[in-house]
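As you go down the protein sequences, you meet chains Z and L in turn. Reminder that position 4 of the first sequence reads as 4 in our numbering, one-by-one numbering, no gaps. Heads up: take any position in the second sequence, counting from 1, add 1000, and you land on our numbering.
Hints were generated in silico from the structure; no laboratory data involved. Where a beta carbon is used, it is the ideal one built from N, C-alpha and C, also for glycine. Check the hints yourself; a few may be wrong.
Unchecked claim - Just a few of them, taken from the derived set where beta-carbon distance is under 8 Å, the chain L residues facing chain Z:
1) Gly1041
2) Arg1042
3) Phe1101
4) Ala1103
5) Gly1104
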Amino acid sequence: GAGVSQSPSNKVTEKGKDVELRCDPISGHTALYWYRQSLGQGLEFLIYFQGNSAPDKSGLPSDRFSAERTGGSVSTLTIQRTQQEDSAVYLCASSPAGGFSSYNEQFFGPGTRLTVL
Amino acid sequence: SQKIEQNSEALNIQEGKTATLTCNYTNYSPAYLQWYRQDPGRGPVFLLLIRENEKEKRKERLKVTFDTTLKQSLFHITASQPADSATYLCALVPNDYKLSFGAGTTVTVRA
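Taking the hints into account, I'd like the entire structure generated from these sequences.
Pasting the structure below:
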């Protein structure tokens, strides 16, 4: 079946512009995660959605970052007034469930490589 | 502060040999630990999970150990093949839904 998809695969933008990154999780997965991966660094947790619960935004690095998930499916990560330090690969993952049953594996998309000039 | 450390250097091994990767952590009390594989330009792919009360887990040519006293997990690839060349990530799950990832170890298997 279809895995997690992300778009665009690559995004080059100028400093100060806003960008939107999209994630389509696996159908039926209730948990959705966004991570950021910088060169040579581990994946950095950004935000977590679980069903209709309020998202855990504790990993968002600044108020320029926001995310929403519509209808419990597609998610959009928005970065406003992009800075050069925002350049990274942004990965989305989904899982059948979250919370204490999150020993379930996470299924990752291919990521969006963001370059801020 | 919390820290997860994996082999800092890339691992280059001969085909057929065993690759051993380490994942050390401090100031975590993970309920379980996962290992993922990541190929260039792709997202990580789940390989194995081991719980805190398990000492060892195997899956085909992969073996993972978990020592909560040493705060360390070892990941072994036996009878390695060039197709095993990738970056391997360990991820800790304290007791909620957040995974905390190490930076990964890049393995290259020479034919």
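(request) Output the numbers, in ascending order, of every earlier hint that fails for this structure. (result) Structure breaks no hint.
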